[in-house]
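Chemist: Please build the complete structure, drawing on both the sequences and the hints.
Spelled out, the chains give:
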Amino acid sequence: MSDPNALERFLATDPVDPGCAKALEMLDAYVDTLLAGGDPEKRFPDVAAHLRDCGPCSEDFEGLVAAVRRGREAAG
Amino acid sequence: MTRCPPAVPQSAGGPDLDEESAAWLRALRGERREAAVARLRARLLGVARGEVNRRAGMLPFGGSELDDIAEQAASDALVAVLAKVDGFRGESRFTTWASKFAILEVSSKIGRHFWQRDGVRLDPDAWDRLPARFGLGPESGVEWRQTILALRRAVDEVLSDRQRRIFEAIVLNEVPLDVLVVELDSNRNAIYKALFDARRKLRAELAANGYMGPEPRTR
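Chains A and B are the protein sequences, given in the same order.
Heads up: the first sequence begins at 1 in this note's numbering, then just goes up one per residue.
Heads up: the second sequence begins at 1 in this note's numbering, then just goes up one per residue.
It is worth saying that the hints were derived from the structure and are not from the lab.
Hints may contain errors.
With beta-carbon atoms standing in for the labels, derived distance ranges [stated by the list, open to error]:
no.: 1; chain 1: B; residue 1: 87; chain 2: A; residue 2: 58; range: 21 to 27 angstroms
no.: 2; chain 1: B; residue 1: 65; chain 2: A; residue 2: 46; range: 21 to 27 angstroms
no.: 3; chain 1: A; residue 1: 6; chain 2: B; residue 2: 29; range: 50 to 56 angstroms
no.: 4; chain 1: A; residue 1: 73; chain 2: B; residue 2: 33; range: 25 to 31 angstroms
no.: 5; chain 1: A; residue 1: 25; chain 2: B; residue 2: 186; range: 14 to 20 angstroms
no.: 6; chain 1: B; residue 1: 33; chain 2: A; residue 2: 15; range: 42 to 48 angstroms
For each residue, glycine too, the CB sits at the ideal point set by N, CA and C.
Modeler: What follows is the structure in structure tokens.
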């Protein structure tokens, strides 16, 4: 599929992106906020910016959400 | 003498703890610590197994290799959690915080396993595949070839050696970031930051030469 803006979007960087270390430090609070029905993008805009751009951290985010959901389902 | 665990476990200066998190901290600091550690290890193993199963479809290996990754991840996550538990700030539930370590260990160990299995191979013709990866081709108009040539020139001229190496591995050759971490004996944050800075420099160079618009202040 042709997407002439894909390269431009890939090269764009968000100045609020704090990098992996700081984003991962807050990832558990980000996930709990999400699962409690809150708005983690509003509470942690820097973490949200990072997760939009960093594939590995985004994958970890997905994994942590899935793990917490499984744990809560198992606990009933 | 019997020593009672504290009635209200404290996090390290964070918000008040929920009841379950307080119970975990009390157990890990109390007389039945050994049982609590075993329970935590079992929980982390469950998280790690769940995570390798979730990722299994994306990986070129499976079976006992994934079982080993889960076991090692759970063990290393347990060590990390016990080492850092006094710094737990209560900004999330304890189980979410602890599970994070298992997830991160799984990521790291999958990266290392990839690296041990396949290493890092760089294709000298990788630039030829780049346009297609970004959806650029004849249907994109006449300027895309110039854009790619300008990008290649910018990679050669404005990036540092380390930024160029990281850009070529991750962007041109699709080496997973966590694999490159092992190859360069670095960490995810450092590699990401180097690529982030490389992207910013390339975007600015292409914008300065009229191939792209200027970088927006925020996204």
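Chemist: Next step is simple, just say for each hint if it's right about the structure.
Modeler: So, going through the hints one by one against the coordinates:
1. 87(B) / 58(A): 21 to 27 angstroms: At roughly 25 angstroms between Cβ atoms, residue 58(A) and residue 87(B) fall inside 21 to 27 angstroms, so the hint holds.
2. 65(B) / 46(A): 21 to 27 angstroms: This hint is violated: roughly 36 angstroms between Cβ atoms.
3. 6(A) / 29(B): 50 to 56 angstroms: 52 angstroms, holds
4. 73(A) / 33(B): 25 to 31 angstroms: 28 angstroms, holds
5. 25(A) / 186(B): 14 to 20 angstroms: 18 angstroms, holds
6. 33(B) / 15(A): 42 to 48 angstroms: This hint holds: roughly 45 angstroms between Cβ atoms.
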